[in-house]
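There are 2 protein chains.
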Amino acid sequence: MTEENVVYVGNKPPMSYVLAVTTQFNNGANEVVLKARGKAISRAVDVAEIVRNRFIPEALVDAITTGTEELPRKEGGTTNTSTIEIVLKK
Amino acid sequence: MTEENVVYVGNKPPMSYVLAVTTQFNNGANEVVLKARGKAISRAVDVAEIVRNRFIPEALVDAITTGTEELPRKEGGTTNTSTIEIVLKK
Numbered sequence: 001m002t003e004e005n006v007v008y009v010g011n012k013p014p015m016s017y018v019l020a021v022t023t024q025f026n027n028g029a030n031e032v033v034l035k036a037r038g039k040a041i042s043r044a045v046d047v048a049e050i051v052r053n054r055f056i057p058e059a060l061v062d063a064i065t066t067g068t069e070e071l072p073r074k075e076g077g078t079t080n081t082s083t084i085e086i087v088l089k090k
Numbered sequence: 101m102t103e104e105n106v107v108y109v110g111n112k113p114p115m116s117y118v119l120a121v122t123t124q125f126n127n128g129a130n131e132v133v134l135k136a137r138g139k140a141i142s143r144a145v146d147v148a149e150i151v152r153n154r155f156i157p158e159a160l161v162d163a164i165t166t167g168t169e170e171l172p173r174k175e176g177g178t179t180n181t182s183t184i185e186i187v188l189k190k
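Note that the protein sequences, when read in sequence, are chains V and A.
Numbered per our numbering, the first sequence spans residues 1 to 90.
Numbered per our numbering, the second sequence spans residues 101 to 190.
There's no promise every hint is true.
When the alpha-carbon atoms are kept at most 27 Å apart in a straight line, the in silico BS3-like pairs for lysine-lysine are as follows [as the list claims (entries may be wrong)]:
1) V:39 x A:189
2) A:139 x V:12
3) V:89 x V:39
4) V:12 x A:112
5) A:139 x V:89
6) A:174 x V:90
7) V:74 x V:35
8) A:189 x A:112
9) A:139 x A:174
10) V:89 x A:174
11) A:189 x V:35
12) V:89 x V:12
13) V:89 x A:112
14) V:39 x A:139
15) A:174 x A:135
16) V:12 x V:74
17) V:74 x A:190
18) A:174 x V:35
19) A:112 x A:190
20) A:174 x A:112
21) V:12 x V:39
22) A:112 x V:74
23) V:12 x A:174
24) V:39 x A:174
25) V:12 x A:189
26) A:139 x A:189
27) V:90 x V:35
28) A:135 x V:39
29) V:35 x A:112
Restraint ranges, calculated between C-beta atoms of paired labels, are given here [said to hold, decoys possible]:
30) A:169 x V:76: 40 to 50 Å
31) A:175 x V:62: 30 to 40 Å
32) A:176 x V:15: 19 to 29 Å
33) V:78 x A:178: 17 to 27 Å
34) A:176 x V:69: 23 to 33 Å
35) V:19 x A:126: 38 to 48 Å
Don't read these hints as lab results, they were simulated from the structure.
We put the beta carbon where it would ideally sit given N, CA and C, even for glycine.
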């Protein structure tokens, strides 16, 4: 799996990430990994569900893992942010 | 597993759900299921991470499943909302 199979989900509308994932599958990828942090985690789940239900019915969620990242704060120190990785396979 | 082992994550501060989960484990539960919908999904992941990293180090994420629910809209019709279930075990 190359880095091109990773889609980072941020603050854009879900459909732009859905398009990115769908394009990768249609270009021959067997696996696409969605990665998100913090509030974007909900959007990553939306993207996975929309891809499966509407665009790539043969795709399935192969694995979901969560984690915690320490990010620097602008006031100094660090803050903990949750992360998610959703592996979609077809 | 009884219904008491389910914690529904909504819009309260994450710590109130962390307390609910921690209390259930400390009362003898071997498994607690976090459930959330829509934007609360990110918070459910936060709760799972905080429980594991700070309160119940022996807890692990046993399974994460996502889904889609059709909810009625006030304007009529339905809207799709993503759901998550996080199973914590110790």
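These are the hints, each one checked on the structure:
Of the pairs offered as hints, the one joining residue 39 of chain V and residue 189 of chain A holds, with about 25 Å between alpha carbons and a cut-off of 27 Å not exceeded. For the hint linking residue 139 of chain A to residue 12 of chain V, the alpha-carbon distance of about 15 Å falls within 27 Å, and the restraint holds. Straight-line distance between C-alpha atoms of residue 89 of chain V and residue 39 of chain V comes to about 24 Å, which keeps the hinted pair within the 27 Å bound. Annotation: proposed proximity of residue 12 of chain V to residue 112 of chain A holds, straight-line Cα distance about 25 Å (limit 27 Å).
With a C-alpha separation of about 25 Å, the suggested pair residue 139 of chain A and residue 89 of chain V falls inside the 27 Å cut-off, and the hint holds. With a C-alpha separation of about 36 Å, the suggested pairing of residue 174 of chain A with residue 90 of chain V is violated against the 27 Å cut-off. Under the criterion of a C-alpha separation no larger than 27 Å, the hint pairing residue 74 of chain V with residue 35 of chain V is consistent with the structure, at around 23 Å. A distance of roughly 23 Å separates the Cα atoms of residue 189 of chain A and residue 112 of chain A; the hinted pair therefore holds under the 27 Å criterion.
The hinted pair formed by residue 139 of chain A and residue 174 of chain A meets the criterion: a straight-line CA distance of about 18 Å does not exceed 27 Å. Restraint check for residue 89 of chain V and residue 174 of chain A: the C-alpha separation of about 36 Å exceeds 27 Å, so the hint is violated. At most 27 Å may separate the alpha-carbon atoms for a hinted pair to count; residue 189 of chain A and residue 35 of chain V meet this at roughly 24 Å. With a C-alpha separation of about 23 Å, the suggested pairing of residue 89 of chain V with residue 12 of chain V holds against the 27 Å cut-off.
Proximity of residue 89 of chain V to residue 112 of chain A is assessed by CA-CA distance (about 34 Å); at most 27 Å being required, the pair is judged violated. Proposed proximity of residue 39 of chain V and residue 139 of chain A is supported: the alpha carbons are some 8 Å apart, at most 27 Å. Note on residue 174 of chain A and residue 135 of chain A: the hinted pairing holds, with a Cα-Cα distance of about 23 Å set against a maximum of 27 Å. Our distance criterion of 27 Å between C-alpha atoms is met by residue 12 of chain V and residue 74 of chain V, whose separation comes to about 23 Å.
Restraint check: the Cα-Cα separation between residue 74 of chain V and residue 190 of chain A comes to about 36 Å, which exceeds 27 Å; the hinted pair is violated. Using a Cα cut-off of 27 Å, the hinted pair residue 174 of chain A and residue 35 of chain V is violated, with the two alpha carbons roughly 33 Å apart. About 25 Å separates the Cα atoms of residue 112 of chain A and residue 190 of chain A, which keeps this hinted pair within 27 Å; it holds. Pair hint residue 174 of chain A plus residue 112 of chain A holds up; C-alpha atoms about 23 Å apart against a cutoff of 27 Å.
Restraint check for residue 12 of chain V and residue 39 of chain V: the C-alpha separation of about 12 Å stays at or below 27 Å, so the hint holds. Under the criterion of a C-alpha separation no larger than 27 Å, the hint pairing residue 112 of chain A with residue 74 of chain V is consistent with the structure, at around 26 Å. At roughly 26 Å between alpha-carbon atoms, residue 12 of chain V and residue 174 of chain A fall within 27 Å of each other, so this suggested pair holds. At most 27 Å may separate the alpha-carbon atoms for a hinted pair to count; residue 39 of chain V and residue 174 of chain A meet this at roughly 25 Å.
Taking the CA atoms of residue 12 of chain V and residue 189 of chain A, the gap is near 34 Å; set against the 27 Å cutoff, the hint is violated. Restraint check for residue 139 of chain A and residue 189 of chain A: the C-alpha separation of about 24 Å stays at or below 27 Å, so the hint holds. Note on residue 90 of chain V and residue 35 of chain V: the hinted pairing holds, with a Cα-Cα distance of about 18 Å set against a maximum of 27 Å. Pair hint residue 135 of chain A plus residue 39 of chain V holds up; C-alpha atoms about 16 Å apart against a cutoff of 27 Å.
Using a Cα cut-off of 27 Å, the hinted pair residue 35 of chain V and residue 112 of chain A holds, with the two alpha carbons roughly 25 Å apart. For residue 169 of chain A paired with residue 76 of chain V, a C-beta distance near 42 Å keeps the hint of 40 to 50 Å intact. For the hinted restraint 30 to 40 Å between residue 175 of chain A and residue 62 of chain V, the CB-CB distance of approximately 37 Å keeps it satisfied. About 23 Å separates the C-beta atoms of residue 176 of chain A and residue 15 of chain V, a value consistent with the hinted range of 19 to 29 Å.
Restraint check, residue 78 of chain V to residue 178 of chain A: a C-beta distance of roughly 42 Å breaks the suggested window 17 to 27 Å. Hint check: residue 176 of chain A to residue 69 of chain V, Cβ distance near 42 Å, so the stated range 23 to 33 Å is violated. Checked against the hint of 38 to 48 Å, the pair residue 19 of chain V and residue 126 of chain A passes, with Cβ atoms roughly 46 Å apart.
Of the numbered hints given earlier, the model fails hints 6, 10, 13, 17, 18, 25, 33 and 34; all others are met.
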